[in-house]
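S.K.: In the order they appear, the protein sequences are chains A and B.
Just so we're aligned, residue 1 is where the first sequence starts under our numbering, counting upward by one.
Just so we're aligned, residue 1001 is where the second sequence starts under our numbering, counting upward by one.
These aren't lab readings, by the way, just hints derived from the structure by calculation.
In this text, a Cβ means the ideal position worked out from N, Cα and C, and glycines have one as well.
Treat the hints with care, as some may be off.
Between beta-carbon pairs, the in silico distance windows are [what the hints assert, rightly or not]: (1) B:G1081 - A:D70: 22 to 30 Å; (2) A:T84 - B:D1152: 28 to 36 Å; (3) B:E1044 - A:A59: 51 to 59 Å.
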Amino acid sequence: MLAPETPDFQAYRGTEPPVFQNGAELECAKILDYYGVPWLYEPRTFELEVDEDGRVLEAFAPDFYLPEQDLYLEITVMKQSLVTRKNRKLRKLKERYPDVNIKLFYKRDIERLGQRYGLKLAS
Amino acid sequence: MTALALAGESQVPPDERIGEMYLSAEQIAIRVAELGAEIAADYEGREPLLVASLKASFVFLADLTRAIPILHHVDFVELAGYTSDETGGTTAIRFLKDLDAPLEGRDVVIVEDVVDTGLTLNYLVRQFALRSPRSLAAVTLLDRPYRRLVDDLPVRYVGFTVPDEFFVGYGFDVEERYRNLPDLHIARAGS
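With the hints as constraints, model all of the structure from the sequences given.
M.R.: Given below as structure tokens:
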């Protein structure tokens, strides 16, 4: 986890300073901010599995939410072949919340964004 | 004929980053002519303003404007590209070159080389909308929709929906080179 970094984000719509999990998330936040696209960081946790007593067995909090697009964005820097668990969570989320729009950006997508926008991934 | 030969009897050393041809100049010309005819039909009598975002779209615009057989105007903008700030700060996108012409009451057609995430076009649309044009639409040579973050965009005309690749030639560069290649090529890794 990265140390709390609080650049003066202009398009961030949250109240607490975001604490990003990795450099790719930070850079994506900067790109969204650069283009003036309002964004929130992990604003909602979706319950995916609940037991008989109502205890949450599995949950999922997508990394970003873009309110103007009504779109959740999940960033993973894992290789595409290693994201089976995350893909399964996304499938569950779509089954339980069919009206929720979510996109998964893989490591390859982040690298492509980097090529397009000159992004430098922090290690 | 190789890409480098097309570039002008190859004064240029071979570059492995220029991959196979994806669209020939002839294929592009046919589609651009179709787009020009569509735009001309839609904007007959309205004298639209075509606004191209520099730099990659300048070749497309040069061909498109000559394929639109009605009165229209041309203008350019250039946006500062995103660069990561090592200090952790953020910057906001801005115009390096703004329009020369006012947009109020005009029919504006934004000319893009490629729509990918939609972030750049979304910014232009929002900025131009503040200037009270009569209408706003966009034409893009290439549509690469795989990482689209903004879907609500007025992209009325699409030249080609392309695979998830980067391209070089026909205005697209590799480190500012090869924009002059008449065909569109796949740009290989490392570019």
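S.K.: So, for every hint listed, does it hold in this structure?
M.R.: Hints, verified against the model:
no.	hint	in the structure
1	B:G1081 - A:D70: 22 to 30 Å	holds, 28 Å
2	A:T84 - B:D1152: 28 to 36 Å	holds, 32 Å
3	B:E1044 - A:A59: 51 to 59 Å	holds, 56 Å
No hint from the list above goes unmet by this structure.
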